[in-house]
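Under the working numbering, think of the first position of the sequence shown as 784, with each following residue one higher.
No lab work stands behind these hints: they were computed from the structure. Among these hints, one or two may not hold up.
[Claimed, not checked] Straight-line C-alpha distance at most 30 Å; calculated DSSO-like pairs for lysine-lysine:
1) 1013 to 1060
2) 955 to 900
3) 1013 to 1350
4) 1053 to 1350
5) 1050 to 1350
6) 1013 to 956
7) 1393 to 1060
[To be verified] Simulated restraints, written as ranges between beta carbons of each label pair:
8) 951 to 1078: 26 to 34 Å
9) 873 to 1415: 35 to 43 Å
10) 1205 to 1046: 46 to 54 Å
11) 1288 to 871: 27 to 35 Å
12) 1078 to 1166: 20 to 28 Å
13) 1256 to 1356: 50 to 58 Å
14) 1205 to 993: 26 to 34 Å
15) 1282 to 1256: 24 to 32 Å
16) 1288 to 1418: 33 to 41 Å
17) 1447 to 1205: 52 to 60 Å
Even glycine gets a Cβ: it sits at the ideal position worked out from N, Cα and C.
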Amino acid sequence: MQRLRPYLPYVLIALVAIAIAWAFAATTLQHTRPMGLPIDDGYIYLTYAKQFGRLQPFSYYPGGGYSAGSTSVLWPMLLAPFWALGARGHALVWVSFGMCTALYAATGIGIYQVVKKIAGAAAAVIAPVILFGIAPFAWGALSGMEVAFASALLATLILLLLEQAPTGPPSKKLIAVLACTSLSRPEAMLLVFGIVGIAVIQRLRQRDRRSAAWWLAPLAAPALWLCANKLFAGQLFPNTGVAKSHFYLPGFDWTYWFGAVGEQIGKLAKGLFWDPKSPLVWPRVVLLLWVIGAVRIALWSRRERRLLAGAVIIAAPFALMLTVIASSGMTSSPWSFQNYRYIAPAFPLLAITCAAAFVLPIASERRAVIAGHIAAIAVVAALFTRAAFPGLRADMRLFAQGAMDSNTQVVAIGEYLHRKLPDASVMFHDAGAIAYFGDGRVYDMLGLVTNYQAGIANNGPGARFEFLESLPAEQRPTHFAYYPSWLGTNEFYGEVLFNTPLRPGFEPRRVVGDGNMQVIVADFDHVGTGERPIGAHPGWAVVDRLDIADLASERAHGWRGAQGRRKLGDPTARWSLVAREVGPGGLVIDGGRTIRGGTERFTVTLDPAKPTRLVLRCGGPAGVPFQETISAPVPVEILDDDDRVVATQTIPAPDGRFEEVTFELPAGTSTTLHTRAASPYRAFHWFALQPE
784 MQRLRPYLPY VLIALVAIAI AWAFAATTLQ HTRPMGLPID DGYIYLTYAK
834 QFGRLQPFSY YPGGGYSAGS TSVLWPMLLA PFWALGARGH ALVWVSFGMC
884 TALYAATGIG IYQVVKKIAG AAAAVIAPVI LFGIAPFAWG ALSGMEVAFA
934 SALLATLILL LLEQAPTGPP SKKLIAVLAC TSLSRPEAML LVFGIVGIAV
984 IQRLRQRDRR SAAWWLAPLA APALWLCANK LFAGQLFPNT GVAKSHFYLP
1034 GFDWTYWFGA VGEQIGKLAK GLFWDPKSPL VWPRVVLLLW VIGAVRIALW
1084 SRRERRLLAG AVIIAAPFAL MLTVIASSGM TSSPWSFQNY RYIAPAFPLL
1134 AITCAAAFVL PIASERRAVI AGHIAAIAVV AALFTRAAFP GLRADMRLFA
1184 QGAMDSNTQV VAIGEYLHRK LPDASVMFHD AGAIAYFGDG RVYDMLGLVT
1234 NYQAGIANNG PGARFEFLES LPAEQRPTHF AYYPSWLGTN EFYGEVLFNT
1284 PLRPGFEPRR VVGDGNMQVI VADFDHVGTG ERPIGAHPGW AVVDRLDIAD
1334 LASERAHGWR GAQGRRKLGD PTARWSLVAR EVGPGGLVID GGRTIRGGTE
1384 RFTVTLDPAK PTRLVLRCGG PAGVPFQETI SAPVPVEILD DDDRVVATQT
1434 IPAPDGRFEE VTFELPAGTS TTLHTRAASP YRAFHWFALQ PE
């Protein structure tokens, strides 16, 4: 028994973690069968794991090629062997939940060990108590995402830093954990870069170049991954880094970024440490504990010459949070559950510092003092645990509600496609369960798992329409799996084959996107209707055309339009639109943009010896959601490359129909042109015509 006594705290922490996980599972199974994951992103990892198990790594469906959609490189690799050994379908869901439970427990044990080294065993008990009381962390850690995996690695990393000497190379274990942590989650990678950079600078100042080189060794793994993404997907970070990042959004500029980041930092600080609805139990007390603990860790790290470890413990949680805020355009106001799950790996690191506040303030060997200290910690732990129950119960219900909604919609659609349409090519916006259970050719319209698509999705419904219209016949999807309103236009929708209306909810909060996802036959009968001028131009031929909102056409013509500066929370529908008209010549559908700043700049291919008739398709609906209402005619000037006005026309106010305004340009006009208008106007197409 004496031999087992040192392991008793670890066993108790693991049992508490397992009990919480089983309560989540039991709550879920009360409301839905089979066991499901509460968020579709968890199924994305199961799909990558399945492809790893098939020995088609980094692909998303059989024969699909490289996909940069896995936010965590290593997490699906851990799941893949179980798929290869026979854990298929819903069985892999249980495997994922079981591994998340084990890593959830490992995180609690890891932070206990960290605090034990710094502040003793009594204070260390508080760390897992604080962590297990944070309901969004339990939700995120058990949801099939990489949260628990990254958190366990971060705790292990800090443990190894505590053992690392302030001089010399890193241990082999530390090199391995640094490399794995960098591949567990993008913000963890940036944290590893910071740790390695500080260690390298320290060794160089000590004139120990060999040790500095060894500290760089862990960066080889993330460097390979970043290079692979750049080579095969066009950007360094995974597709989610493009789909959700500030920097790739239309209307981005640094003024917007500084304002958005500052605003979100304020919301985070208030929501996390002051708001009674914070995910932290007793948030203001936690803030006070963190301040006290940070001071004590700083003093300890200075005394023990463990400055790097101390700095990481104190600063890392905020570094992780700020990395998410600085890179991702999260929009909730005030901060809500969805925001907190993005920063979940920071919570274990907060718990470490808070627990360090419970170290005995005065060194004493008197039994009465020690007993009183332990009793006080036990009382605090008991009260904290009691206060955490309501939040945990609420998030267990949210977890179950999410799993029920996943089973009702995306899981049901995936199973339907596998059963009824195994050869279909499906375009969707929820990429996980449909691909995992459907197991066929897929295309993610949001760009999370499909390379080069996120930019199109971020540019709104007009850009999505133009992209679909431009697809060659052999690349077109045969079906959509969509919430009907999310595409922004119904012009490509045919027969509805399958409906998934949500069941009545038992939890007021839901993480599902909409009420009814459908399987819809793709219909491309109406493509190409807007590729020619509507009006007749006898004796003139189209020599070039710029299709506004078609990103490929805009790039080819060097197009830049003043669409206005972005605001935090702007929907994609602000950046393009789709208009349609049935006129004397038949149906015309076209995507376009609102030129809020009154300026476009583009280059067209012309014969300089001939005059040019430049035709602008404008008009469209007078009122469009998330677009400015234009109620008066707008004079527009065409200027050449030397800023000389070469033509002027007045664009009528939109009234629901397309209008085509003609600008007559003399021969010899430069091929680079720009417009100037005093107020916003809408542009759908520019046609350059010259005499035949």
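Structure-based check of all given hints:
{"no.": "1", "hint": "1013 to 1060", "result": "violated (41 Å)"}
{"no.": "2", "hint": "955 to 900", "result": "holds (21 Å)"}
{"no.": "3", "hint": "1013 to 1350", "result": "holds (29 Å)"}
{"no.": "4", "hint": "1053 to 1350", "result": "holds (21 Å)"}
{"no.": "5", "hint": "1050 to 1350", "result": "holds (16 Å)"}
{"no.": "6", "hint": "1013 to 956", "result": "holds (29 Å)"}
{"no.": "7", "hint": "1393 to 1060", "result": "violated (69 Å)"}
{"no.": "8", "hint": "951 to 1078: 26 to 34 Å", "result": "holds (29 Å)"}
{"no.": "9", "hint": "873 to 1415: 35 to 43 Å", "result": "violated (59 Å)"}
{"no.": "10", "hint": "1205 to 1046: 46 to 54 Å", "result": "holds (48 Å)"}
{"no.": "11", "hint": "1288 to 871: 27 to 35 Å", "result": "holds (30 Å)"}
{"no.": "12", "hint": "1078 to 1166: 20 to 28 Å", "result": "holds (24 Å)"}
{"no.": "13", "hint": "1256 to 1356: 50 to 58 Å", "result": "violated (28 Å)"}
{"no.": "14", "hint": "1205 to 993: 26 to 34 Å", "result": "violated (57 Å)"}
{"no.": "15", "hint": "1282 to 1256: 24 to 32 Å", "result": "holds (28 Å)"}
{"no.": "16", "hint": "1288 to 1418: 33 to 41 Å", "result": "violated (53 Å)"}
{"no.": "17", "hint": "1447 to 1205: 52 to 60 Å", "result": "holds (57 Å)"}
The structure is inconsistent with the numbered hints 1, 7, 9, 13, 14, 16, although it conforms to all the rest.
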